[in-house]
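Peer 1: Please model the complete structure; the sequences and the hints are all you need to start from.
Just so you know, the sequences run in chain order A and B.
Its first residue numbered 1, the first sequence is counted upward by one per residue in the working numbering.
Its first residue numbered 1, the second sequence is counted upward by one per residue in the working numbering.
Pulled a few chain A residues facing chain B out of the computed Cβ check, cut under 8 Å:
# : residue
1 : A85
2 : S91
3 : S99
By construction, these hints were calculated from the structure, which means they are not laboratory data.
The C-beta atom is built at its ideal place from N, Cα and C for all residues, glycine as well.
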Amino acid sequence: MRHAVRSTQGIELVIVGASAGGIEALFLLLADLPADWRLPLVVLLHLPEGHESHLVEVFRYRVPFAVEEAQDKAPIEAGTLYFAAPGYHLSVERDASFSLSCEAPVHYSRPSIDLLMMSAADAYGERVAGFLLTGANDDGARGLRQIHQAGGLTAVQDPAVAHVPTMPQAAIDADPPDFVLPLAGLHDLLLQLDAHHAP
Amino acid sequence: MKGRHHVRDDGGAEARREAPPAAAPALAAQPPSDVDIELRLLMEAIYLKYNHDFRDYTGASQKRRVLYALSQMNLPSISALQERVLRDPNVFARLLQYLTVPVSEMFRDPSYFLALRRQVAPLLHTYPSVKVWVAGCSTGEEVYSLAILLHEEGLLKRTRIYATDINPDSLEKARQGIYALEAVRNYTVNYQRAGGVRAFSDYYTAAYDAARFDPQLCADVIFADHSLATDSVFAETQLVSCRNVLIYFNRQLQDRALGLFHDSLSHRGFLGLGAKESIDFSGYAGRFDVMARAERIFRKAG
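Peer 2: Following this line, the structure appears as structure tokens:
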């Protein structure tokens, strides 16, 4: 158990994982972000395989900066909101790019939040923040723990007010995060991380 | 298991890359960890000893699979694995099963096969004989999918399919064409969405928990060991299907593979890639025309 809350300085990448109830949670988390946003945000929302995701189109109208699907081998750009495509695992590489892979699903999920967060912990170390929101399975708990162990920042939606508490609770049980907050608090934390992000 | 003794023409390892090996990425987010160093040394050892080249595979996925292999093989470190791999070819043969990722489905992304059926098959009819290359065929699900499609379009009898992979165990499974019956039942929906008009069960014989696909589908399929990382072009083809293989390669190796496809394809030949694969970031972006963007079907530029 840690006693000091990790500083909000020095974050260069934010990973957000969500499952059941996630879209509504994302609307609140990502509401009213400023147009001069700098941090790259990577969102992984569990969706059924074989269906095209419409998250990029939906959020393009709600976010005043670039919104893209995270493409294989694409460099991670500042000031961009990325969504993970369904049907493939998404990883962050050490050269600050994305990669996709077709390994077996993890926790019945492909993409898996655990795999994405673990790759980001490995690639970015203490410069990554992991956010975990509402959801009905255990995906993300291992990934968040690995971000914590790498010195990164971890934040979990308060299970008491999450649409489905299973996923955030599993993460808290696996490893106490730096922050346990309702969505409004996570939103403020996100703004703080971007404000403290050196250009 | 010995090193690879595949057919190789004179391009060979010399043609593998012009640039010196092991150049550090320009934008390294983190200095290499001990595990990264061990991983790179392992891939170098595998290349020198067995001529299997995994040095230009994408980092995160490869690292995950090697670490998983460690846990399954009860070894304490990648260095320990390297020592075993160097001295015992059987250990390498086992590791190879972790280093390659099997494709899981028949008619995965039905819209791809539907586009092949509707847009490509009519053009293939204009050739007296057709050659198709399924590069990275793994355990063969895609080979049987294509053979069924070509059969239904009246093309199979004049088509030769080259199905290549680097994993001998996968190639053997592909040759046998036996898949879990439960999985095959799930493929039926894919088959129908891909424009299939028959009963999917016409193509296989079910026994116990397994489905064996009709060997006639593969009467003119050549299953062969071929590496996109080290081998050269072996035939002129009209269609190359290489899906969810390039995602495991770094850009340099992607370019090498796309170069092989470009060289293999005849004038205005067709290239099919995985649903999330792109040539936009490659050196070949201008050398293929987009035929069906969402389905990732391209055509060699004239």
